Amino acid sequence: MIGRWTIPLIVALAAACGVPFVAGDYLIGVALSLAMWIALTESWILLSGLTGYVSLGHVVFYGLGAYVGILLWGEVGGVLAVGGAGLASGVFALAVGYPALRVRGPYFVMLTFGLAEFCKYIVIDVEAGLGQFSRLLLGGPSVLQLYYVVLGLAAAATALTFFVARSRLGYALRAIRENEEAAETVGVPVAFCKLAAFALSAIIPGMVGALMVARSSYFEPSQVFDPIVSFTIVTMAIIGGSDDARGPFLGAALLVLLSEILWARAPQVYMILLGILLIAFVLFAPGGITGRLLSRPVKVKP
Amino acid sequence: MSQGLLQLTDIVAGYGDVMALHGVSLAVRDGSVTALLGSNGAGKSTLLKTAAGILTPRRGEIAFDGAAIAGKRASERVERGIVLIPEGRLIFPEMSVEENLRVGAFAPHARPHVARGLERAYALFPRLAERRRQSGGTLSGGEQQMLALGRGLMAEPRLLLLDEPTLGLAPLIAQSIFTVIERLRADGLTILLAEQDARRTLAIADYGYVLESGTGVMEGSGAELLADPKINSAYLGL
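So the sequences go chain by chain: A and B. The opening residue of the first sequence carries number 1 in the working numbering; numbering runs sequentially from there. The opening residue of the second sequence carries number 1 in the working numbering; numbering runs sequentially from there.
None of these hints come from the bench; they were simulated from the model. Bear in mind that the values here come from a model prediction, so they are computed numbers and not experimental data. Note that beta-carbon positions come from the ideal geometry of N, C-alpha and C, so glycine has one too.
Derived pair list, reagent style DMTMM-like, types lysine to aspartate or glutamate, alpha-carbon separation capped at 25 Å:
id: 1; chain 1: B; residue 1: Lys230; chain 2: B; residue 2: Asp197
id: 2; chain 1: B; residue 1: Lys72; chain 2: A; residue 2: Glu181
id: 3; chain 1: B; residue 1: Lys72; chain 2: B; residue 2: Asp30
id: 4; chain 1: B; residue 1: Lys72; chain 2: A; residue 2: Glu180
Okay, the calculated bits of chain B under chain A, using three or more residues with CB under 8 Å as the criterion:
id: 5; stretch: 66-76
id: 6; stretch: 80-88
id: 7; stretch: 93-100
id: 8; stretch: 103-109
Pair by pair, the computed Cβ-Cβ distance ranges are:
id: 9; chain 1: B; residue 1: Ala68; chain 2: A; residue 2: Ile122; range: 42 to 52 Å
id: 10; chain 1: A; residue 1: Pro8; chain 2: B; residue 2: Arg120; range: 40 to 50 Å
id: 11; chain 1: A; residue 1: Phe284; chain 2: B; residue 2: Ala129; range: 29 to 39 Å
My request is simple: use the sequences and hints to build the entire structure.
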């Protein structure tokens, strides 16, 4: 597996690093957005793809990271603000994960969605109480700098998901996905493993959130906690294939491309097409592009 | 009764506000097969889950090999050698037979012995060896029960908690499961066996307990219980 995918991935990464040398600001912006979605979707797969606990509130980590980022950036500088944002999201995941991960299936879906909305309104209220309705971030890094950092995070998120999936923790998460009670009887520390996956999936979105605030140069709670972000992540994962680390590349690339082509000219068509794609994949190719097109017969080891 | 390998004392346990066990005490001697009899809903599964740490008792003490383990999590108990084979053959349906077995050796103390465990499981159940590449969900009910047993053995247990291993199986397959249980006992494994088939269970059990509505109502050696007129009328239909 490593052998087959290492070279294409290195080529893709090298090509991604080369984008700014041949592209203008517009294309760098598109590439930045693609890298952002890959980072977010990869981190979602680490939790939801591997454990089967489908989160519809992944934006909460992005939004919290954005908030912590904007609060810290002017005080301590960009590097520490981004690190602090990732740390805050990870700590938040540890704090809410234990109770949240006790419910399964549709209840977990609704709980994560509700949690993200709840946090959004808390932040809106806190900001309103402080007399702030949006915040500006001036003198942030250039698009080019942001692109390289987010690209690095996308690569890190991919590597993290890839290696966790193949680790002892990944093995445990897969057992939990297939039958949680059976996993417990064979000695998998179920609660601990789920919490670890939840926290690991939260850190990178937190950092990305802080960076994207720097990109748009202002912070507005209802935008950084927008549930559409969560829906888009899930859609990208389903279209690309949520079973391993390869899926998000295809899902994110397809949707970012569609969005760039259609969003400005025909936004309604984009949303309709998104819905049709999602339904079609769920019905006819639940394994996504990777599951459908790239899967090969299981090799029988001697 | 002498101190057992597993000792449950005055266990009260259940689900939410509904208690399924009301102060049950039980001992499993080292190297024995101990039977746990009772009708549906008597509390047999609850007792086994409590012993395995899947369920936390409301009250009572659990000792394994002399150490109090009531506060230990399920994974820590597996590490000590207490392994539950749950009712209903909870296998991993998408994993192959061999992967199912390998996951059974998840506990740190069992990891170095995967090769030996696989060999033993395939020797006990040649059918699993034939189907090692097949996914668990495609196996028949009897084969899934064999897989659940084999997977439990991969954890290198000292005490096996077996919850209704022959439930819903064809008579011949059920018979082969009992044969395997006797072989495991001969290999020195200690077994606590919850079963509805009282006659066959008592025939191989050294000692037995009878639960009724969450309370222990009777105990004795396998032969004593088999000869008891109340047991005869209630569980053997004679």
